[in-house]
Every structure is written in structure tokens, then in C-alpha cells.
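Colleague: Chain by chain, the residues run as shown.
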Amino acid sequence: MTTESTECCKSTPATECCKSCPEANLGFIYGAFLLRVWLAVRAIQTGVEKYSGMQGSDQPILIDGKVNDYGLTSSVPVKEYALNHYHGVPEALMTKFTQEPIMMQMKWALPLYDKVLGPALLALGLAILLGFFTRTSLFLLGLLYISLTWGLILIKEDSGVAWLGIHMILIVMALMLAKYNRLCLLKKW
Amino acid sequence: METPPSSINRREFLAKSAAGAGAGLVLGMPGILRAADASPSKLLNVALVGQGKQGQVLFDAMRNIPGLHFQAVCDIWDWNRNGAVARIRGLQKHTPKGYADIDELLATEKGLDAVVIATPDFWHSPHTVKCLEAGLNVYCEKMMSNTIDGARAMVKAMQKSGKLCQIGHQRRSNPRYRFTLDKLINGNKICGQIVNVNGQWNRAVKSSQNIAYKPSLTIKPDILAKYGFKDMHQFMNWRFFRDLSGGAISDLGAHQIDIFNWFLGALPKSVYATGGNSYFKEREHFDNVMALFDYDTPQGQVRAFYQVLTTTSSGGGYYETFMGTEGTIKISENSSVTEIFKEASPAPKDPSAPPPDKPIPLSWDHLVKSGYLGRKAAAPVPAPAAGVVDSRVSKPPEGFTLPGELNKPPHQPHLENFFASVRGEAKLNCDAHHAFLSEAPIYWVNPSALSHQPIVFTNEHLDV
Numbered sequence: 087m088t089t090e091s092t093e094c095c096k097s098t099p100a101t102e103c104c105k106s107c108p109e110a111n112l113g114f115i116y117g118a119f120l121l122r123v124w125l126a127v128r129a130i131q132t133g134v135e136k137y138s139g140m141q142g143s144d145q146p147i148l149i150d151g152k153v154n155d156y157g158l159t160s161s162v163p164v165k166e167y168a169l170n171h172y173h174g175v176p177e178a179l180m181t182k183f184t185q186e187p188i189m190m191q192m193k194w195a196l197p198l199y200d201k202v203l204g205p206a207l208l209a210l211g212l213a214i215l216l217g218f219f220t221r222t223s224l225f226l227l228g229l230l231y232i233s234l235t236w237g238l239i240l241i242k243e244d245s246g247v248a249w250l251g252i253h254m255i256l257i258v259m260a261l262m263l264a265k266y267n268r269l270c271l272l273k274k275w
Numbered sequence: 009m010e011t012p013p014s015s016i017n018r019r020e021f022l023a024k025s026a027a028g029a030g031a032g033l034v035l036g037m038p039g040i041l042r043a044a045d046a047s048p049s050k051l052l053n054v055a056l057v058g059q060g061k062q063g064q065v066l067f068d069a070m071r072n073i074p075g076l077h078f079q080a081v082c083d084i085w086d087w088n089r090n091g092a093v094a095r096i097r098g099l100q101k102h103t104p105k106g107y108a109d110i111d112e113l114l115a116t117e118k119g120l121d122a123v124v125i126a127t128p129d130f131w132h133s134p135h136t137v138k139c140l141e142a143g144l145n146v147y148c149e150k151m152m153s154n155t156i157d158g159a160r161a162m163v164k165a166m167q168k169s170g171k172l173c174q175i176g177h178q179r180r181s182n183p184r185y186r187f188t189l190d191k192l193i194n195g196n197k198i199c200g201q202i203v204n205v206n207g208q209w210n211r212a213v214k215s216s217q218n219i220a221y222k223p224s225l226t227i228k229p230d231i232l233a234k235y236g237f238k239d240m241h242q243f244m245n246w247r248f249f250r251d252l253s254g255g256a257i258s259d260l261g262a263h264q265i266d267i268f269n270w271f272l273g274a275l276p277k278s279v280y281a282t283g284g285n286s287y288f289k290e291r292e293h294f295d296n297v298m299a300l301f302d303y304d305t306p307q308g309q310v311r312a313f314y315q316v317l318t319t320t321s322s323g324g325g326y327y328e329t330f331m332g333t334e335g336t337i338k339i340s341e342n343s344s345v346t347e348i349f350k351e352a353s354p355a356p357k358d359p360s361a362p363p364p365d366k367p368i369p370l371s372w373d374h375l376v377k378s379g380y381l382g383r384k385a386a387a388p389v390p391a392p393a394a395g396v397v398d399s400r401v402s403k404p405p406e407g408f409t410l411p412g413e414l415n416k417p418p419h420q421p422h423l424e425n426f427f428a429s430v431r432g433e434a435k436l437n438c439d440a441h442h443a444f445l446s447e448a449p450i451y452w453v454n455p456s457a458l459s460h461q462p463i464v465f466t467n468e469h470l471d472v
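Residue numbers (the numbering used here), protein chains in the order written: chain A, 87 to 275; chain B, 9 to 472.
Next comes chain B alone, as it looks inside the complex (with noise of 0.2 Å):
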């Protein structure tokens, strides 16, 4: 049997940050939902819905998962749909059925545990709540939809039905950054106080570029109009449309402002952002985004930035960096880039000053040798350039790494988590309304964009 769903409200969640009762509990871990009715041994059949590029990275990572039987396979398309049925007719010696039209699918097929929907970010939504009242639990990629009134329907599903619904935040179940928040930002607390964050997505031009396609392997007009697309170009490349997507700040930044939200336990005030065509002027969606927000968290302000540029790979990809006043932390997917700076241990300037709550460490050497921290390879330090004078330079701070790797698909552990809350061994790491409480801010970074104004969140603009 099922928990009842969450019924946490952003009021509440508000109220517990302010009293610091542990908001980063909340959107850390929601455990509000677990569906125990799957017993540990029972094989769950599962449907698929969207094989796409990103139906297929789902399947990838859920192939590694024992216990799961590939039931269905829902997409309009048939070069995807046939695609999906052979990897599965050679994954499991089994042919699952093959569907065009979701509403067939709940229709025929009976048995079903569980959906997993990687369809385009204007189809989560009603894809996702016919599922729900289906009796199904669901598995949907973020961004929840390509509109905040398709996400809060999202939820309302998901209370009515009592079923799980787990969003696509992958990084939720991500164990390096479960073991970054958990133990080196709440445990030995080595940021200190977090005053800035930052965050970014940057990608080439080349990877930037529409999806081509065979014009051999168009859909038919009739079809694509029937699901919602004006043309083929379309249908590859709804990314780029208002109606369809929310852009590459929901596509890409949401994933990453997610973080922001869970590492600081709260969320944000306001936003303010700007963007533009600067290179792909003729996508409806912005080619580059840059986006302010402001947070009060229990220990103090904190200002985040984001960007999202799908102009330039320059800067490093994509991560996460959390700035303390004694450490940093810059977290991304890709472990390569991750890396944690010490500050150097600053003498005390003010002797009146009221004493630290915790003493600050001298050096983290007890964290390296019991194993919450490796040590990177110290950077040469430059020579400082002839004629340049900065008394007030800071000395380079000390690099350290995670002491560990995923080692599997970024997704698997999320989905990992899922089908395991569906037989009641787990909670949900990323339900949908923790999910909505941290997506909510991002819907109104395009109307910043565009209306060139900052707004202050209000109830209207967060709330379910």
C-alpha cells in the first residue's frame, strides 16, 4: 500500500527554512512517498513512453537494473517505436508491443507497474497525469512541462492518485552528490557560510545545431499535427519552441538550479535575467541565458548566477560551484571537473569579534585521512608578473577532490531509486512536488528575459 502523498506546501517549507527546522531535509528528502503493494522478488512491467534521444539514455541506464520487464512501447514515430522494440526483443528475448497513441496503450496493455515518459516537455504533462489515473506509477524527465500550470497539474495527479511520480532531477540519486551535501556540506560543514553560487551550462555551436533527419522517415503530416507538431523540423527540434519547450534554461538549467535549491535548503526570492538571440536568431527559444537570484537561507543571503550559452563550450561545461567563506565546492556530472578549495586559514582581523560557532580547521588533513576528502596535486604558483603590486592578493587556496566515482549511467541510480520505491524498499528522491517546489523558480526566468525586469517571487508564483 501506498503513503498518502506529500501535502507539503512552499508556505510551509518557507516557514520550516525561516525556523530553521531543516529545509534542506525537505527538498533533500522528501520520503513522502513509497509504494510497498510490489513485493522485493516480483518482476515490475514497465512501459516506455518517448524512445527519443532521451528514452533511449533511460533505457540504457535501466538495462543494468534487474527485475524489470519491458512490458510496452509508446512513440509516434515509427523509427523510434521499432528501434525500442528491437533493443528490447535482444535485451529480453521478449517482444513487447509497439504503440503510436498513449491513450491505446493504457487501454490494451494490462499489468503495468510502472511508465517511464521521456516524450517532448509539452506532452510530460498530460502524458504523465493519464498515467497517474491509470493506477501507474511514473517516472517523467524534468522539466515536469513546458508550462508551471502543466507541473501543478503534475502534482495534483500525483496526490489524487496516490501513485508514485518521480521526476528526472538524476542528480537527486547521484551518490557524489548525496555524499556532497550530506557529509561535506551539512556534516563537516567545509563551505562555511555559502554566500555565492554558481552555475553554468555551456555547450558549442556544433552541439547546438538542429536535429537533421531522412526525409525518408517523415511522419506523416497528418500525425504530426494530430500530436501536436506543425512540421518534421519541428518535431526534431521542439527544444526551440515557446509552445513545446522551455528552453535551454529549462532543457539544461533546470537540472543545475535544482542544485542550487537542494545544496542551499531553500529557494530563491527572486530572479532577474536577461537573454537573446545572439547566434541562432532564428529559434524562438533565447541562444544564451544569464540569470541572477537571490536566496535567504538559515545561515544568511546568498546571490546565485546562472548561465545557460549554447554558443561556446569555453569555461568548463557544465557544474555547480557553492562558495563558503572557508571552502568551495564545484560539482558537476562530470567528476573531471569537480574540484574543492580550501581557503587558506585567514589570521583573525577583528579580536572583539564574537568567536566562530564550530572552530575553523587549521588544515582538512583529518578529513583526507579519514577518507571525506582526496587531495588534488598542488598547482603551481605563478611568479607574480613584474611591475604588478596587489598587497591584498588571497594566497591560493588548497585543492582537494571527492573521494569516489559513480560507476554507472548518471541516470541508472535515480531509476534505481524509482523502481525500488515502487516495491516499497525506498522513498522517492525527487517526487513531484519536490520537484515543482524546486522547478517552480525557473518558469519565470524566461518572463525576466524577456520583459527585461526582475521579479519577486510571490505565493501566485510558487505555489501548486
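Bound-form chain A, shown alone (with noise of 0.2 Å):
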């Protein structure tokens, strides 16, 4: 990252260029603060949704026109959030982990683990919005996403395996650039 194309900027390191010549490196404080609100968004999104659900609203059936006069509804199904809604693991997923051998050993993970996951994407993507010990709260997401990983080659879902590669090659990316990192509550760790 030291080999920006700026004159200034080729024998000296990246924190002092920035301090020599900050117009220099504006493109990796700009890149390193949309790697950081990209993968921010991507966690906390991803744990919202985890409180979402279905809800039907029921909508009055129309007869020739009019109201039925019978109560007859029709339900539409509405997405809603609330706590009650929260699953970690997606159903579909769940019933493939508990039917995995190793699962079975350790019957007490899935249901932590299922738990755990929703807070856990909402705490690390505001603590990386927010940058507050970014680079701690990316390197943990990397590890939650590590663990994402080894469940969904657990139960050879090979294409959320390569999708979630490309998410730890962005988090190395962004842990790379944090040296550049602005607007932060906490630049400590």
C-alpha cells in the first residue's frame, strides 16, 4: 500500500506520507472508510434480518365490486420484525447441521451457535461502523465468518463457502487499510 503512485510517498512509510501528504492517500482513507461501511453494513443487515418474519394481513375479499358481507379476507403475507421472529441458523440449514455426525456430539453448539449469531453480526457491524477497535471487531468478525464457513463445508454448500471467501479476502482488505482509517470512536486497537 506504500506504493502509491505519488512521488512523495515512494521511500517513506504510509503514516508519515499520510502526515507529509495527505492529498496523496486520500484514495485509501476513502477506500479504507467504504470497506469498512460496506462490511458494516453487510453484518448488521445480515443480523437484522435474523428478527424477520412473516405476518399475514388480512385484506378484505372484493365480490362484484364490493366488500363481501360475509368477513371473508384474504391474508397477505407481510414482512415484519420482532424479537419473537429471531432465528440464528436458518431453518432449512438447521435440520442439515443436527443430521451431521458431528453435530450430534456437540448438541449443545448448534443451539448456542443459533443463539449467539444474530447479536453477535449486529455488536461486530456497528463496532466496525462506529470504529470502535475496528480492527479487533473486523478480525472477530473474520472468525465469525470462519465459522460460517466451516458449517456451510460441513454440510457442502460449496457456493456459500466460495461467497463467504470473498468476504474474508474484503475484511484481510480492510484490516490492510486500517492504518488509513477515519471517523472513528476508537482508534485503539
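Possibly wrong hints are sitting among the right ones.
[To be verified] Straight line, CA to CA, 30 Å or less: simulated DSSO-like cross-link-like pairs of lysine-lysine: (1) Lys152/A to Lys61/B; (2) Lys214/B to Lys193/A; (3) Lys238/B to Lys152/A; (4) Lys61/B to Lys222/B; (5) Lys165/A to Lys197/B; (6) Lys197/B to Lys222/B; (7) Lys416/B to Lys165/A; (8) Lys338/B to Lys152/A; (9) Lys214/B to Lys182/A; (10) Lys416/B to Lys152/A; (11) Lys377/B to Lys165/A; (12) Lys238/B to Lys105/B; (13) Lys435/B to Lys152/A.
[What the hints assert, rightly or not] For the chain A half of the interface with chain B, some residues (derived, Cβ under 7 Å), not all of them: (14) Ser143; (15) Asp144; (16) Ile149; (17) Asp150; (18) Gly157; (19) Ser160; (20) Ser161; (21) Val164; (22) Tyr167.
Since the hints were made in silico from the structure, they are not lab data.
All C-beta atoms in this analysis are idealised placements derived from N, C-alpha and C, irrespective of residue type, glycine included.
Reconstruct the complex from the two isolated chains, following the hints.
Modeller: Below, the structure written as C-alpha cells:
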């Protein structure tokens, strides 16, 4: 990252380069910020979606263009968010996991992971967004994605593994750009 | 003030049917009883008698109905009674008084407007009669009684007291059923001439097991004996005993045979039934029953088949199917089972035959467009099997659906109708007399099965 084509930075470390020639590193600063926000949004919204569910909304049936007198309704599914909709591991995957011999040996692990996953995504996503222990938060998010990757390998969801692999590359890039981090609550760690 | 009770009898009913004067209206819209002395804004004071499983189902439906105050609870089992008291306290922040004995309840509680009875069948009639005589309006679960004489006593008590008595044939208030009868069968006549009816309630062995109980919760033998139970097992499983219940044909079949009669606007002329204890050999009542009913309707003869099987869930659970020359309606409280089919329009076979009263519509597109029907996704047509040739095979019928759902617990509309009638805002959809007319043939299913003989109904069989 210190090989920016700007002349003044050719022989100086990045942080000093920033101080001496901030305009030359504006691209890194923007890049670090965008990557941070992307990873944060990805984690936060994924966490929020774990609290989503479908609720039927009753609409009266029209007969001959008028609301029917019988009280017949059609239920239109409406998406909503609520604590009681929480599902850490999607039901379809949960079934597959429970059938895996390894998980059968660790029956306690899946319910625990199911409980922790959503709040963990939300907490890490918010920490990264606000710049709160950015590097440590990115590192923990990476570990979380590794755990998801392991689960998907277990149930042979290869496309999901590849998808998470891309996320891991983005996390590593964000860690490499962390020195250009701006707009942070806590720069430490 | 209440309107005088119904004085309709079976002869009148049949005469109206024969004259085509709308027996369907008679069975379908009793419109005879309404209580008008309760103002719409008044809180109705309700007592719950019987808080076993069905009592809880009714309570769960009533908790959604505004304007009710649950004043008292009665159940001989303290487990049920205390549970009901706790549920009511949670709902209305007021603790109702609990009673083990209905006589004590009626003697003590003042200001009651209505009683909801969900006791075992053999107690329905004594409890209903007591409450009507005490000047209360009654909602009583079906079957009216375990005996036809018990049911007769309920009708007479209703007529004598002038109070309301609704019987829990809840499909009568279900908007899906009411719409189907009013708009599809009678209004648009989509079935054409209904020639056959078929209904069933198939329940798996697992769902038909004896109901177990914790020995520590057993009711004292003297209390059980006082209320007609031999022991705790009989108390929990009264549906399997001949002196206490009508068995599966009454528990499950009564709902659906009532729909046969209501939709056809007629009562059967005869029944021929068979039944047996093929699996639950220790039970007094049959574990499966099959019955054939013959009807003369204003449209013509109809044959109806009904089966209740407690040993298998195969065959799609529970439904009633009305098969006509132009279409078939398969309806169930379970909306996922409900289906409607239109016969593929036949080419006229006999040019010399008189034209039908009403031209047969080539399609039901107009009904779909105006909202009376939904269209069902077409099923793939199976390829004919090699070597099998049937030149007379019918084209597969076109599939449709009912246009809407019931968005409440299935018992709620019927209870709403009852309480609205108590307030004088509605008419009962299934008062005791109309329920009796529809239930009377059901009392003769078990005797036919036991004697292996058909029973041709006379006034003696079916009149109050």
C-alpha cells in the first residue's frame, strides 16, 4: 500500500506519507472508509434480518367490486421485524446441521451458536461502522465468517463457502487499510 | 324482549321442502330467536360450564370477542377449574368464582346473561335444561346429547323458557361455508344438480389414543360417581362409552352430516350404516363407521356417504364434498383441503332433450373475474398408460378455489353470532330446534350399524 504512485510517498512509510502528503493518500482513506462501511452494513443487515418474519395482513375480499358481507378475507403476507421472529441459523440449514454426525456429538453447540449469531453480527457490524476497536472488530468478524464457512463446508454448501471467501478477502483488505482509518470512535486496537 | 321460540316441526320442514319453499332457508337461516333486552354496549356476564379441552377451545375463541365478562367457572375437576380461573384472571384482571357443581353456580351467581356449556355429551341436556330454566341464554357444544330424548328435552326447554339456545355446529357461522351455500350453490348454482355427497373425518391411530392423566390429579371416587363416571379413565375418555357419548359418528360426524342437511336443504329419508371395532377392540363405541343416507331434495334424489375412521389419517383428513352435474365443491374447515371443480363442458348428447332451465356456462371466467372464485393452478395431465385404452374417460375437471379465508379461530364466528343474538343484534345461526332437525338422523346411525339393518325414517325417528 506504500507504493502509491505519488512521488512523495515512494520512500516513506504510509503513516508518515499521510502526514506529509495527505492528498496523495486520500484514495486509501476513502477506500478504507468504504470497505469499513460495506462490511458493517453487510453484518448489521444480516443480523437484523435474523429478526424478520412474515405476518399475515388480512385484506377484505371484493365480490362484484364490493367488500363481501361474509367476512371473507385474504391474508397478504407482510414482512415484519420482532424479537420473537429471531432465528439465528435458518431452519432449512438447522435441519441439515442436526443430521451431521459431528453436530450430534456436540448437541449443545448448535443451539448456542443459533442464539449468538444474530447479536454477534449486529454488535460487530455496529462496532465496525462506528470505528470502535476497528481492527479487533474486523478480526472477530473474520473469525465469525470462518465459523460460518466451516458449517457450510460441513453441509456441502460450496457456493456459500465461496461467497464467504470473498467476504474474508474484503476483511483482510480492510485490515490492511486500517491505518488509513478515519471517523473512528476509538482508534485503539 | 325475546321473540317467541320456533314452532317449526319436521312435517312442516318436509312440506316446505317438497313445495320447494326453501328448506335450505329453513335449515340455513333459522332466524327465529333473538334476545333484545341486552343493550349493545352492555357487558355480558358469562359463566363457563365445563373447562376441559373443548371448553378451552371455546374460551380461546371468546377471548377475542369484546364485551364479555367471565363471571364464573364450573368444572368438577379442580385441575380444569383452577386453570380456567387463572386464564380468565390473566385476561380480564378479575378472578371469577369457581364451582364444582352447576346447581351451586346457578343458585349463587346473580346477573348472568349467558352460559357456555362444554361438558361431556351426556351432561349437555341436563345442564342446558337447568340453565334455560334458570332464565339464562345457552351456547352448548354439539352433539346436543348422547340420546335423542335428551336432545328433545333441550328443544322443549328452549321453547318453554323463551331463551336462546345455540348449538355448537360452528360451521353454520363460518363465512366460507355461508358464502359457499349462498353464493355458489344457491346463487350461481355452480354444482348444477347435486346428485352425490361424500364426507369423511379420518384420524390416525396416534390421534385416537386414550387420554392419559397424572395419577396425582385423580378426582376422588365419590365425586366421580356423583357425576356419573365409573373412574378417572372413564372421566377422561367418556367419548368411548355408550352411556356417555354417541361415539365417533356423533363427535366428528355430527359436524359434517349437519352440513349435508344444511347445504341440501333436506333431511335424509333413510340411513344404512356399518361399523366395527377393528383396532380399538376394548372400546364400547365403533372405531370406524360408514353410513349411507338417501335424500329427496327439491332438485331430486341425492345419495350421501359418510365415513369416520379413527384408525387412519389417509384420504385427506376431514371434508364434505358436494358433487353435481356441473361442478363439485369439496369444502372443509381446513381451507387447504377445500377445492372446487368444474366439469368439462359436455357436448349435448340428446338434441331432443329439453333445454336446461338456465344455460350451462361454458366457463366460470365471469365468476373468477367478479371475485366469486379463485383459479387453481392446473395440475399436469398424466400421460395415458401404455396399453390402457378407455374411450369414455372424462376430461379432467378445471380447478378453482374459494375466494377467501376465515381469519379467526373456527369457533369464534359462531360464538359471536350467539352473543350478538343475546344482545338482540342478530339471529341465531343454529338454535336448538334447527340443530335437532339436523342431528336427529345421526342418532340412528349407530342403531343401524348395530342391527345391520337400514332404517327408514318416520316422524317417530325425527320429530321433537
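Colleague: For every hint, state whether the structure bears it out.
Modeller: Each hint tested on the structure:
| no. | hint | result |
| --- | --- | --- |
| 1 | Lys152/A to Lys61/B | 39 Å, violated |
| 2 | Lys214/B to Lys193/A | 29 Å, holds |
| 3 | Lys238/B to Lys152/A | 57 Å, violated |
| 4 | Lys61/B to Lys222/B | 16 Å, holds |
| 5 | Lys165/A to Lys197/B | 39 Å, violated |
| 6 | Lys197/B to Lys222/B | 53 Å, violated |
| 7 | Lys416/B to Lys165/A | 20 Å, holds |
| 8 | Lys338/B to Lys152/A | 26 Å, holds |
| 9 | Lys214/B to Lys182/A | 27 Å, holds |
| 10 | Lys416/B to Lys152/A | 21 Å, holds |
| 11 | Lys377/B to Lys165/A | 28 Å, holds |
| 12 | Lys238/B to Lys105/B | 28 Å, holds |
| 13 | Lys435/B to Lys152/A | 24 Å, holds |
| 14 | Ser143 | 10 Å, violated |
| 15 | Asp144 | 5 Å, holds |
| 16 | Ile149 | 4 Å, holds |
| 17 | Asp150 | 5 Å, holds |
| 18 | Gly157 | 4 Å, holds |
| 19 | Ser160 | 5 Å, holds |
| 20 | Ser161 | 6 Å, holds |
| 21 | Val164 | 14 Å, violated |
| 22 | Tyr167 | 22 Å, violated |
Checked against the numbered hints above, the structure violates hints 1, 3, 5, 6, 14, 21, 22; every other hint is satisfied.
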